[in-house]
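Asks: Work the whole structure out from these sequences, hints included.
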Amino acid sequence: MRRLRKHFSRKYLREEVLPTPFCPGCFNGVVMNVMFKAFEELGVERLKGYVFVSGIGCSSWIPSPHIKADTIHTLHGRAVAVATGVKLAKPNLNVIVIGGDGDLAAIGFNHLVHAARRNMDLLVILVNNLVYGMTRGQASPTTPEGMRTVTTPYGAYEPVMDVAELIARTNANYVARWCVANFNQLKNSIKEALSKHSKGFRFIEVIAPCITYVVRYEGKTPGQKIKELMKVCRPNTETPYGRIGILKAEDKPGYLDRYFEYVKRATEGDKGE
Amino acid sequence: MSACSVEVDRNLCKGCGICVSVCPKNALELSPNIGPSGYRYPVLKGECIGCKTCTLYCPDFAITVVCDEGGGQG
Amino acid sequence: MRVEFLSGNEAVAKAALDAGLKFYAGYPITPSSEIMHYLARELPKKGGMFIQSEDELAAINMVVGAALAGVKSMTATSGPGFSLMQEGLGYAVMVEAPIVIVNVMRAGPGTGQATKAAQGDVMQARWGRHGDQVVVVLAPSSPQEAYDLTVKAFEIAWGLRVPVVVLSDEFVGHGREVVEMPDKVKEPEPGWGPEDYSKPPFGSDDPRKPPPLPPLGEGYDLLITGSTHDEWGYRDVHSFETHFKLVKRLKEKVLGNIEKIFMYEYFGDDEADILIVAYGSMSRPARTAVRRLQAAGFSAGLLKLKTLWPMNYDVLRSYVKDARVVIVPELNLGQVVYDVRIVAGNDTVVVPINKVGGGVPIYACEIVEKAQKVWGEALEEALQP
Ligand code: SF4
Ligand code: SF4
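Heads up: the protein sequence lines correspond to chains A, B and C, in order. For the first sequence, position 74 matches number 74 in my numbering, and the numbering has no gaps at all. For the second sequence, position 36 matches number 36 in my numbering, and the numbering has no gaps at all. For the third sequence, position 9 matches number 9 in my numbering, and the numbering has no gaps at all.
Just so you know, the hints here were simulated from the structure itself, not pulled from any lab data. Among these hints, one or two may not hold up.
BS3-like cross-link-like pairs, simulated, lysine-lysine; straight-line CA separation at most 25 angstroms [what the hints assert, rightly or not]: (1) A:Lys48 x A:Lys6; (2) A:Lys227 x B:Lys25; (3) C:Lys186 x C:Lys306; (4) B:Lys25 x A:Lys6; (5) A:Lys90 x C:Lys199; (6) A:Lys220 x A:Lys252; (7) A:Lys264 x C:Lys46; (8) A:Lys199 x A:Lys264; (9) C:Lys355 x C:Lys116; (10) A:Lys90 x C:Lys186; (11) C:Lys45 x A:Lys264; (12) C:Lys199 x C:Lys251; (13) A:Lys48 x A:Lys68; (14) A:Lys6 x B:Lys45; (15) C:Lys45 x C:Lys186; (16) A:Lys220 x B:Lys45; (17) C:Lys45 x A:Lys199; (18) A:Lys231 x B:Lys25; (19) A:Lys68 x C:Lys199; (20) A:Lys90 x A:Lys196; (21) B:Lys25 x A:Lys220; (22) C:Lys186 x C:Lys209; (23) C:Lys245 x C:Lys260; (24) C:Lys248 x C:Lys209; (25) C:Lys199 x C:Lys245; (26) C:Lys306 x C:Lys184; (27) A:Lys90 x C:Lys248; (28) A:Lys90 x C:Lys45; (29) C:Lys245 x C:Lys209; (30) A:Lys48 x C:Lys46; (31) A:Lys48 x A:Lys11; (32) C:Lys321 x C:Lys306; (33) C:Lys45 x A:Lys271; (34) C:Lys46 x A:Lys271; (35) A:Lys68 x A:Lys6; (36) B:Lys45 x B:Lys25; (37) A:Lys11 x C:Lys199; (38) A:Lys227 x B:Lys45.
Predicted model, so just to flag it, every value in this text is computed and none were measured.
Replies: Quick look at the structure:
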């Protein structure tokens with residue numbers, strides 16, 4: 001048989017781990033395409049010098065084991081802390097964190113919000129699938145009110161956490177929220193966060209509802225959901241998932257800039273008394 | 001005439017139907033046949049304009065687009 | 001030779017810098033904070049990174065990240081913070097991150113008594129994580145040993161790709177003594193070199209040799225995970241073989257090097273009738289007690305354990321077997337005494353002395369008194385028909 005041409009994403013992937021373990025239609029794969037398209041357009045053909053750090057959850061499997069680069073698959077919630085250690089130890093590396101709403105907004109929120117406050121030089125991509133997918137669909141801090149899950153069998157009653165808005169209120173340099181259906185806008189945000197705004201804390205939330213525990217429960221197919229999100233997620237509008245668009249884009253000095261400034265004070269006579 | 005067509009890696013395709021839904025020309029459908037991984041895979045039923053929307057949205061890196069004259073590197 | 005008057009906490013910080021520390025993350029907690037204060041001042045000047053983390057979970061995970069990036073890194077804490085760090089410590093074992101954690105023990109559980117010395121975290125340091133694993137635990141008894149054992153901790157951590165806990169305590173941490181330090185310390189070398197970078201980063205033919213940790217960012221495409229993985233880092237969360245092989249190797253890597261890791265000192269009479277087994281600050285009154293017992297005509301000795309884990313039971317047995325009475329003074333309700341009981345024969349009386357709280361030590365006179373009493377009872381029993 002003639003060799004098939006390869007999908008553009010595959011040059012960034014470890015061939016031997018395909019197909020992915022994700023459910024059919026899982027939007028994690030779309031997020032991967034967006035990210036890889038961004039790299040492709042930035043002219044990055046080989047992800048040398050990039051370190052991907054993730055925690056526990058479905059989206060944490062996006063980098064590990066799939067992305068052909070250095071990947072660190074950490075404990076549940078601790079990706080941002082490990083990423084901080086990597087970045088500070090080797091400031092020339094590009095460190096990207098990918099995680100879900102349970103990982104980053106629940107168990108790991110303290111690390112997330114403090115990294116944002118510090119304007120730590122990291123890009124964090126939150127793949128918000130609205131539930132704990134890996135552990136079978138329990139409610140998360142971003143589960144819409146009223147949604148039935150195994151832990152909210154009578155409908156979720158806790159108010160939703162708007163993660164992107166919260167992070168935008170910190171000292172973070174760049175905050176955006178897109179739906180997985182906003183392919184180009186999301187791609188451009190990732191590109192910006194890796195080029196034009198490559199300093200400080202960059203946070204991109206991607207609304208990517210879990211195919212198995214959200215979309216199927218809504219009685220929709222993955223294709224129908226993508227089409228729906230294409231309609232709903234218009235830039236700079238309020239949606240059921242919060243405001244869509246770039247919420248913040250600044251160029252304040254990042255953590256490292258400030259740290260090196262501080263070191264200068266320490267070495268140039270300030271006695272620290 | 002259709003100058004473009006699609007190629008599907010049936011080992012990767014999970015038959016999710018996203019490509020079918022996002023195609024602006026409604027040119028794809030899932031074949032009645034089952035691929036090696038046990039899923040129905042997309043086939044062309046109408047005119048493909050080579051926009052590659054299917055490729056971008058395919059979560060399993062399975063579908064690529066080939067056009068006769070240039071471009072279309074998938 | 002540098003000679004300085006240092007607290008145990010300062011000695012730890014100085015030792016870490018001498019051993020090549022380039023990254024410190026920590027969260028303030030009594031009685032360990034002086035380590036952090038010292039490094040906050042010195043590390044930035046020495047081209048290192050210092051960060052005050054949002055909590056101890058962050059501290060240990062930052063330290064793991066820095067270690068995986070190839071940089072000598074450390075954190076220091078005390079009881080409650082050490083509890084929070086258990087999760088990260090288990091992760092460090094699984095990904096074989098060479099990190100050093102200092103726990104300056106205080107009285108627990110809970111918040112307990114923050115400023116009061118204790119030795120209650122021995123079992124936690126050994127066994128505090130879920131799952132099977134071995135970490136190395138060292139226990140200094142003086143500022144001098146705090147210095148020496150911290151350098152040693154970096155040697156072991158980087159020699160074997162294993163986390164090392166320095167289990168200090170409030171007496172040692174805040175006690176101030178003369179410390180002698182070499183002018184130049186040879187920075188501990190990793191137990192692998194660039195020639196090993198092409199080998200599997202999570203497997204080794206010789207279980208006693210650590211696999212290499214190639215640098216991040218240089219195209220090795222490292223696959224690091226805290227889930228069960230094969231020798232190349234591919235996750236395998238199903239097979240028995242992969243999991244068993246991995247956890248066994250991680251254990252053998254440490255136990256296979258026990259000769260290098262296990263450190264102790266013996267002081268007193270050969271084949272002493274009365275043996276005191278002690279560690280950390282409580283080995284100091286124990287030493288005085290031995291002298292007094294000897295002066296009173298007893299055959300007495302002190303086995304001071306500098307390594308608390310892995311325990312070399314052969315060494316312990318070799319000292320315990322000759323003793324009629326073994327006294328184990330600990331600032332807790334009894335932890336290392338279990339090790340002694342494991343190796344003690346039927347003819348040996350093992351007696352713990354336990355006290356904890358209020359910053360009250362176990363005094364030498366208490367040890368002497370107890371030893372004499374137990375000796376007398378043992379003698380009486382032996383004389384009975
Ligand atoms: S989007 Fe991809 S995986 Fe889904 S049906 Fe189409 S080709 Fe198959
Ligand atoms: S390239 Fe565009 S037109 Fe052709 S099948 Fe794919 S989505 Fe449809």
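Asks: Which earlier hints can't be squared with this structure?
Replies: 6, 27, 30
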